[in-house]
Amino acid sequence: MEILERLRERFEVLEEKVQRDDLIFVGTTGKNLIPMLVYLKEYEGFKTLVMISCVDWIEEGKFQLSYNLWAPKQKKNIIVKVFIDRKQPNFTTIYRIWPQAEVYEREIHEMFGVNFEGNPTQGEELILEDWDDIPPMRRDFDTLKYSMEKFGERAPKSRINIRREISEQYDEWRRK
Amino acid sequence: MDKKNYFLDEKPEKLTYGGVFRKIDDWARARSLWVVAYGTGCGSIELRPTFTSRFDAERLGMRMVGTPRQADVLIISGYLTVKTLKRVIRVYEQMQSPKYVVALGACPINGGMYYDSYNAINQLDLYLPVDVWITGCMPRPEAILAGFKRLQELIDSGRADGWKKYIENLDWYRENQRKIIKNWKMPNYNW
Amino acid sequence: MWSKIFYAFLTLLGGIAYGLLLGGISRKITARMQNRRGPTVWQNFIDLWKLFRKKTAVSHGVMFYLAPMFRLVGGAGTFLLVPIVIDSPYLSNFSFGGDLIVIMYFMVLGCLGMALGAAESGHPHAPIGVTRGLSQMAGYELPFVISVVVLMIADKTATVEGIVRAQQGGILHWHLFTHPFAAAAAFISLLGMMTSYPFQVVLAPQEIAVGPPTEYSSTFLSYMFSGRSVFAMAKYLLFMDLFLGGAGSLLEAFAKTFLVFLWPLFITNVFPRFRLEQSVRFFWTWPTFIGLVDLLRISLMR
Amino acid sequence: MVNPIVIIGITLASAFFIGILQAYAKVWARVIFILTLVFDLLASGIVFYGFLSGELARPISVKIGGFPPPIGINLLVGKAEAAMAVLIFSVAFLGAIHWFVKGLPQPEGKAMVLFLLLSLGATGITFTGDFFNLFVFIEITSIAAYGLVASSRTKGALEAAFKYMVVGSISSTFILLGVVFLYKATGSLNMMDIAGKLLGGISSAVLALITLLILSGLLVELEVFPINGWALDVYQGADPVVVALLAGAAVKAFYLVFLKTAGFLPLSSFFSLALIFGGSTYLAGQFFAWRQRDVRRLFGYSSVAQLGLLILAAGFFLNSALASQSRLMIGAAIVLLIFNHSFAKTSLFLLADNVKGSNVEDWAGTLRGNPLFAFSFTSSVFSIAGIPPMAGFWAKVLLIFAIPRQYSWAVALILIGALAEVVYYFHLYRVASQGEGKEAGGNLFSPFVSSLLLVVSVPMVWGIFSRKLSIPLNGQVLLLLGISLGIYLLGFSRPLQWLGSLATLGYGIYVLLPHFKPDLSGFFLALVLFGGGALLIATYPGSKKLPSTFYPAYLVVVFSMAGVVLSSTWLSLFVFWEVMTWSSFLLINMGEGKKAAWLYAIFSAAGAYAMLGGIYLLPSLRIGVGKVPGLLPAVLISLAFLVKMATAPLHIWARDAYGESAHQFTPLLSGIMSKMGVFGTALVVVYILGVSSNPVFRYFLGWLGVLTAFFMTLLAVFQDDLKKLLAYSSVAQVGYILLGVALGTPLGWSASLYHTVNHFFFKALLFVAAAGIIYRVGTSYLPQMGGLIRRMPLTFFATLLAIISLAGIPPLSGFAGKWLLYSALIEKGWIFITVVAFLASTLAFLYCFKILHSVFLGQLQEENFNVKEVPLTVALVEVLLLLPLIILGAFPRLLLDPIDKVLSSLPGLSPAPIHYGRVMGAVTKLGHWNALFLMVFFAGSFLIALVFFAITSARIRKVGQLDVGYSGEVPRSAEDLHFGYGLYEHFRKAVGWLIYPLVTKVWKGIYEGINALAEMGRRIYTGDVNTYAAYVIALSIIILYIFSGVK
Amino acid sequence: MAFFVASILLILIGLYAVLVKRNIMKIVIGLSLMDTGVNVLIISLGFIRGRTAPIVNVKDLLVNTSSKVVDPLPQALVLTAIVIGVAVTAVALSIVMLMYSKKNTLEIDEYKELKW
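Chains as they are written, first to last, in the numbering used here: chain A, 11 to 186; chain B, 26 to 216; chain C, 20 to 321; chain D, 77 to 1123; chain E, 88 to 203.
Hints were generated in silico from the structure; no laboratory data involved. Careful, some of the hints might be misleading.
[To be verified] As a list, the in silico DSS-like pairs of lysine-lysine whose alpha-carbon atoms are at most 27 Å apart:
id: 1; chain 1: D; residue 1: Lys-977; chain 2: D; residue 2: Lys-703
id: 2; chain 1: D; residue 1: Lys-231; chain 2: E; residue 2: Lys-108
id: 3; chain 1: A; residue 1: Lys-186; chain 2: B; residue 2: Lys-48
id: 4; chain 1: B; residue 1: Lys-189; chain 2: B; residue 2: Lys-39
id: 5; chain 1: D; residue 1: Lys-514; chain 2: D; residue 2: Lys-671
id: 6; chain 1: E; residue 1: Lys-189; chain 2: D; residue 2: Lys-178
id: 7; chain 1: B; residue 1: Lys-190; chain 2: C; residue 2: Lys-175
id: 8; chain 1: D; residue 1: Lys-155; chain 2: D; residue 2: Lys-273
id: 9; chain 1: D; residue 1: Lys-1080; chain 2: D; residue 2: Lys-1065
id: 10; chain 1: E; residue 1: Lys-189; chain 2: D; residue 2: Lys-1077
id: 11; chain 1: A; residue 1: Lys-27; chain 2: A; residue 2: Lys-91
id: 12; chain 1: B; residue 1: Lys-204; chain 2: A; residue 2: Lys-155
id: 13; chain 1: A; residue 1: Lys-186; chain 2: B; residue 2: Lys-204
id: 14; chain 1: A; residue 1: Lys-83; chain 2: A; residue 2: Lys-57
id: 15; chain 1: D; residue 1: Lys-231; chain 2: E; residue 2: Lys-189
id: 16; chain 1: A; residue 1: Lys-186; chain 2: B; residue 2: Lys-174
id: 17; chain 1: A; residue 1: Lys-160; chain 2: B; residue 2: Lys-210
id: 18; chain 1: B; residue 1: Lys-190; chain 2: B; residue 2: Lys-210
id: 19; chain 1: B; residue 1: Lys-108; chain 2: B; residue 2: Lys-36
id: 20; chain 1: B; residue 1: Lys-48; chain 2: A; residue 2: Lys-160
id: 21; chain 1: E; residue 1: Lys-189; chain 2: D; residue 2: Lys-186
id: 22; chain 1: D; residue 1: Lys-944; chain 2: D; residue 2: Lys-1034
id: 23; chain 1: E; residue 1: Lys-190; chain 2: D; residue 2: Lys-186
id: 24; chain 1: D; residue 1: Lys-977; chain 2: B; residue 2: Lys-36
id: 25; chain 1: D; residue 1: Lys-432; chain 2: E; residue 2: Lys-190
id: 26; chain 1: A; residue 1: Lys-160; chain 2: B; residue 2: Lys-190
id: 27; chain 1: B; residue 1: Lys-36; chain 2: C; residue 2: Lys-74
id: 28; chain 1: B; residue 1: Lys-39; chain 2: D; residue 2: Lys-1034
id: 29; chain 1: B; residue 1: Lys-189; chain 2: B; residue 2: Lys-204
[Unchecked claim] If you want the footprint, here are the derived chain C segments under chain D, 3+ residues with CB under 8 Å:
id: 30; region: 150–163
id: 31; region: 176–190
id: 32; region: 266–280
[Claimed, not checked] Some chain B residues near chain A, calculated using beta-carbon distances under 7 Å:
id: 33; residue: Asp-141
id: 34; residue: Ile-146
id: 35; residue: Gln-148
Idealized CB from N, CA, C, for every residue including glycine.
Please model the entire structure based on the sequences and the hints provided.
See the structure below:
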């Protein structure tokens, strides 16, 4: 595809894959990301940021950030991938290119702990109110253990009369 | 004057249940259930057919209302995250007694398919007094109607007294609620 | 004197009951039209009783507390000022208290009280609903006033009794037939008064949670409820007296108010909803022009 | 007795000596300078006193050189000349003092010499009895003036002097030629001699030509349009003292000569010449000043205009076809005009010297904190604009009423010019009185003295003329007005002023007690005095921030209103009307409004001048006497009243004037002063139109009223400022009152009068409450309030009752007015008006709710947490005004019975056809209404419902203000939850096109159009000497060609 | 007649200068010319052909003097007028001088600050 050639001419392209006619994956380095996104937006017609997603490659010690762009005229998607260090997950924001990126980055920060420098609303609660543990979408987070500790044991399936048991709990509590 | 006056900070009194008209009252309450239209989870989509032409819950005297102040029944329609739970508690407490809670689906009972989720609660009755459980994932409108029938029977016989229990054991409920809602940014008494 | 008051009280209770019943009937008919069974026709009584017997209620202040009384008394006053059966010592109620102009202004009292109470609740939906209601009132008042003025000029009286007397002597003497355009205008504006469907944005149960009384609950709401039903009855009665020739007996009154009641009901079930500015524009154009036909006729004939 | 020659001789001699002395003894030069002026002033004063006291019956004729008059030169000093000399020397004296205070211009000796020469020349011009001598004195004056102007240190002085010199030379050439030809034609140069020869009027065309030659030379000096460019340049460029002497005195001397010349040489076309040139100069001057940014040039335009008026008056004065009585009146007017203009202009020019910078904007704030400056400026401006009680007022009135009916266009012209004058002078006034207080220069002695002269002259002038014109001003009211002004002296302590005002009002009520009769005047008098008194109580809070003129002005408004209602002639009504208008203007100007007071001034002045025009057209000045022909007088007179009521196309002043005047004054403005319009309209309908005649005009008035009600109500709905909203509402309600008056039926009138009183109760209550609220909250912007019911329960209750009354909802008092009005409308059969009136009153509910909700209901904002209930005095007045609302609601007859008595006292009206039955209450032919029953029923059933509710209700918890159903969220602040801004946006979408500011745009367009024309017009003053000279030549040729009759 | 024409001509020339010339000095000269023209005109008005100057001595008083001399008054007037004209010219020139010292130009276009 010509667009890949043009990208290769201009930027460091680490990996590339043409998934479908209208879907291309391109990998690049962190330094090249913003120039590439700007280039794609201004010259190739990828006007829309569809979303940003994050993958936790715990084995490699990396987070993968995928920027999914959409060109409305050509009706094409391009996904720009970039890997960042898992131990120091710092990256720059792109909300000056697409303002809506602010919310995606905020969510990724909340779920993965990736730190987007320059994002104005970074760190405000989005979905998780009062979160008190490591970011839950990291693969080293044990969600079952957390759930059992915080929300209690899953009630046995055989239990039928819940009301009675709650009343017992009242009484128990009162006795204390 | 400080901001204190914004919210009422006074513990509600315990309510008595009885009086001369108790029979009539229960009869009327059972036949006039106004549901607060607050969709908390995936099950709220099942409520639309329930209340419209095909299943027609209105023939049981039920109605959707837009504000908790006028409602009698709060339907918990599916899983509750911590974030939603805060709002649900507030809505419940803003309803006027007598009031009833109906929980739909497996999730409020024991977490359902979200039992291991980091954010969905596992057992609703630790936090709110549930009068009727309707299982299923999700229960179909028929099941919901059957659940409401059951609720009506409970009210008729005076056994749907979760609202009373809630006030009597308010401290216990609060303790449970505060256990998972670390940052309690709500007024102490929400009405 | 005291017997008169007693009878008036009875009539009031009857009016509330009939209003609630009509509300139930309306719910039933709507349900049937939507291919549902619907609640029983007594559903409104059940609801009223339930609300009345709720255990707790919240209040937001003095006006909030007084507003339901305002609403009820305003509604009851309007109802009692309209004679039900003409020339009957009891069923013409307190119509000696004032003529049509008095009635038209007394109507506002209840609404005003409710609006104040609602607004004191501090809920933003309440003033939204109230302002919508008032704006819509400014809309439907124009055609209604036109037709009322037509009647007053035509009959040379401003009393309801006088207007009713002018219609005696057969069905063709009804103002509905002698002044068809004025009647049409008034009946269209009745839709606005009843906030029935094309003009229902005032209450908007889903979006602004029934608008003005959004913070009202329990006993307060039951007062509002009965106030609203008696208020609706007052309007039906007024229209009956103005256009359908009044009533010679209680039975006739029941029948004719039922007729008036049917008109918005049929409209409400088949129409979607206007936005507020659309409804005001509608009222200030079509029914107004229709009413103006009779107004011009009257002013030329004079 | 002083010989006039001594004045000239001494002055000349001391001028000579000063020239020599100043090189050696500067101090002595100064002393001689001042002494000379003092001597001149005294001497001319003695001569003038001689004439006044009757000691001198005939003019003094002084021979010079021993030859008897026809051959030798003589001075001829009569009463007028002596007066003119006094004027010249007093202005010169004031100017000299100003020079001494501020520092003489350098070289001071020359300046003093020239100054003396200038005043001497002007005196000489006045005194001389010989034409050639006249020319010589003109030249002395001119040369001195050139020199003085050129030696001024101000910017552009040289240029101005040069232009002055060129044009002046041409003009003196004309005069010289004229004089010589005159000698050739008559063989004499002595004025009396020539006058004797030409006793029967000028017969030959050549003589006419010669006369015109002289006259056109004089017209140049008299700054006639369009050859007055030089004068404006001089006024703008020269030293203000010089300008004061020129404009204040020298030009007046020229005017006297002009008058004499035209009198001695009786030219048949003089009348039309004077009318054309006077009129055009007057109008051009007044209108060209509109766009003038330079204040001195603006004063210059004004001077030019005043001269135009004088020339116009001269035309009438010398027209022998007029009755001698009228000519006498015009003569008096001329004297007053000259006196008035001289001192006022002197004061103004010298004040201008105290302001740094020459633009209008540089005057901003000069009146603040400078009482002397403010006094001088105000009294001078009021004098020039002819506002009572200043002498200028009498000048205008005398002039107008002396002009015979067939020249009524001249009256119109004078009035239009006067209006234009008000526009620019009060623009300046507005700028000067607003903005940050600014230090004006301290050389205020002379302007102060000169404006003091204007003020001191007032009682004398009134004493002479009000008797002569037989205008019976109510003496008691005058006394009260005087006492009111005395309140100013208590200015050091505001509480004392307040108490003093209360006492004065109480005394006023006591004094005027005999006038409380059951007729129209008594009715309104009661409203004015008791209402004004009640509202006065509430003015106390916050009065410390007001200027100390507030209470005097307030009382003057109240008592002048009393004067209005007690007037028995139209002219005295007009006088009090003007006093009321301008004192209220001062009060409005004390508020924050930028343009409000100015607009008010313009519209009021327009109305007042229209009224004056209407009165001029009336057959008799007494109210209710004489059959009035045609509609025009009625229309003109009612214009003034319509303005005060702010009826629809004349309403644009009202919003800001009500909204931005001092809060303490607004209740009076809305509650009572707008009712003066009602009173006036009532007078017009009863006494001029007749209640049963002129139905078309009354129908038109009715439409005006109802459309006002409709549109103002609509505007009120979308208004976000509490006071402005109330302002619109007030205007709308007065529209209903006008409608009732226009009906002309007893029922309509009783509706109107009832509503008048009732509107006072509730609107004054609302404004008083608003004042209290604004005093506490600190803003009048509605979206910033809310929830105040929690802090101000009493005010809320009062406001609620007032609003219910305002909306006309039974059972409170407001409904009676509505019911009567609709009954009257339907009875009369004004169907369409009825419909619109109904609709308008429905729309009123919208803003009624807006007031209650935005102020009292909804969420209490955080910044208002510490707000307290309104101050005690305000609360007291609220309660005072509240009671009648309830009492009248139950017993409307308490008011309707007196109204019936009032109605039966008016011609053509009878008591309203209402019967009062026991059960049915008030019964008319149409319908019935039982107020007491409704009240009892409402109160009773409300109580029953309340008790029942209290017994049966559920357990009620009073929750906090943020405890609302908010989709489960916890509201963060009260601001989020308050629905205050854009309350009726949806309604605006529907009917917004109805409130398109058409009227404002039309008025603005008219204003802009006139401005553009003025701008275009004044471009003729190119500032180029050649052009000015060409104008002079061209105009003279035209004058010679047209008016001489030579073909 | 010749005086008449000449005087009118002088006045017109002066007027021309005043109306047309753009130089201040020339305007002043124009004014002077006008002045002179007027003076000549006045003199010519009083002139009667064949008569002598109105200088009177005792001998003349014995005969009918008034028929021998021209009208003396215009001449007296002109004397005054000349004085005045000179004064005006002097003032004018001094003003012109000041103007020149201020702006170093005599163009009239430079002196149009005051207008409208």
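Verification of the supplied hints:
Distance restraint check for Lys-977/D and Lys-703/D: the Cα-Cα separation of roughly 26 Å lies within the 27 Å cut-off, and the hinted pair is therefore satisfied. Proximity of Lys-231/D to Lys-108/E is assessed by CA-CA distance (about 25 Å); at most 27 Å being required, the pair is judged to hold. Taking the CA atoms of Lys-186/A and Lys-48/B, the gap is near 37 Å; set against the 27 Å cutoff, the hint is violated. Pair hint Lys-189/B plus Lys-39/B holds up; C-alpha atoms about 7 Å apart against a cutoff of 27 Å.
Between the alpha carbons of Lys-514/D and Lys-671/D the distance comes to roughly 20 Å, so the proposed pair stays at or under 27 Å and holds. For the given pair, Lys-189/E sits about 25 Å from Lys-178/D by alpha-carbon distance, which is consistent with the 27 Å threshold. Of the pairs offered as hints, the one joining Lys-190/B and Lys-175/C is violated, with about 67 Å between alpha carbons and a cut-off of 27 Å exceeded. Taking the CA atoms of Lys-155/D and Lys-273/D, the gap is about 24 Å. The hint holds against a cut of 27 Å.
Restraint check for Lys-1080/D and Lys-1065/D: the C-alpha separation of about 25 Å stays at or below 27 Å, so the hint holds. Restraint check for Lys-189/E and Lys-1077/D: not satisfied, since their Cα atoms lie roughly 48 Å apart, outside the 27 Å limit. Our distance criterion of 27 Å between C-alpha atoms is met by Lys-27/A and Lys-91/A, whose separation comes to about 11 Å. A distance of roughly 16 Å separates the Cα atoms of Lys-204/B and Lys-155/A; the hinted pair therefore holds under the 27 Å criterion.
Annotation: proposed proximity of Lys-186/A to Lys-204/B holds, straight-line Cα distance about 17 Å (limit 27 Å). Under the criterion of a C-alpha separation no larger than 27 Å, the hint pairing Lys-83/A with Lys-57/A is consistent with the structure, at around 9 Å. A threshold of 27 Å between alpha carbons decides the hint, and for Lys-231/D with Lys-189/E the separation of about 11 Å falls inside it, so the pair holds. At roughly 38 Å between alpha-carbon atoms, Lys-186/A and Lys-174/B are farther apart than 27 Å, so this suggested pair is violated.
The straight-line distance between the Cα atoms of Lys-160/A and Lys-210/B is roughly 19 Å, inside the 27 Å bound, and the hint therefore holds. Straight-line distance between C-alpha atoms of Lys-190/B and Lys-210/B comes to about 24 Å, which keeps the hinted pair within the 27 Å bound. A distance of roughly 24 Å separates the Cα atoms of Lys-108/B and Lys-36/B; the hinted pair therefore holds under the 27 Å criterion. About 42 Å separates the Cα atoms of Lys-48/B and Lys-160/A, which puts this hinted pair outside 27 Å; it is violated.
Between the alpha carbons of Lys-189/E and Lys-186/D the distance comes to roughly 20 Å, so the proposed pair stays at or under 27 Å and holds. Annotation: proposed proximity of Lys-944/D to Lys-1034/D holds, straight-line Cα distance about 21 Å (limit 27 Å). Between Lys-190/E and Lys-186/D, the direct Cα distance comes to roughly 24 Å. Compliance with the 27 Å bound is thereby established for this hinted pair. Taken as a hint, the Lys-977/D and Lys-36/B pair is broken in the structure, with Cα atoms around 65 Å apart against an allowance of 27 Å.
With a C-alpha separation of about 25 Å, the suggested pair Lys-432/D and Lys-190/E falls inside the 27 Å cut-off, and the hint holds. With a CA separation close to 24 Å, the supplied pair Lys-160/A and Lys-190/B stays within the 27 Å bound. With a CA separation close to 16 Å, the supplied pair Lys-36/B and Lys-74/C stays within the 27 Å bound. For a cut-off of 27 Å, the pair hint linking Lys-39/B to Lys-1034/D stands: about 16 Å separates their Cα positions.
A distance of roughly 22 Å separates the Cα atoms of Lys-189/B and Lys-204/B; the hinted pair therefore holds under the 27 Å criterion. Requiring three or more residues with a Cβ within less than 8 Å of a Cβ of chain D, the coverage given for the region 150–163 of chain C holds, as 9 such residues are present. Three residues within the 8 Å Cβ limit are the bar, and the region 176–190 of chain C against chain D gives 4, so the coverage statement holds. For a cut-off of 8 Å, the count of residues in the region 266–280 of chain C with a CB near a CB of chain D stands at 0, and the three-residue condition is violated.
The interface hint given for Asp-141/B is met, as the beta carbon of that residue sits about 4 Å from the closest beta carbon of chain A, less than 7 Å. Annotation: interface hint on Ile-146/B holds; nearest CB of chain A at approximately 5 Å, less than 7 Å. Hint status for Gln-148/B: holds, given a least beta-carbon distance of 6 Å to chain A, under 7 Å.
Going through the hint list in order, the structure does not satisfy hints 3, 7, 10, 16, 20, 24 and 32.
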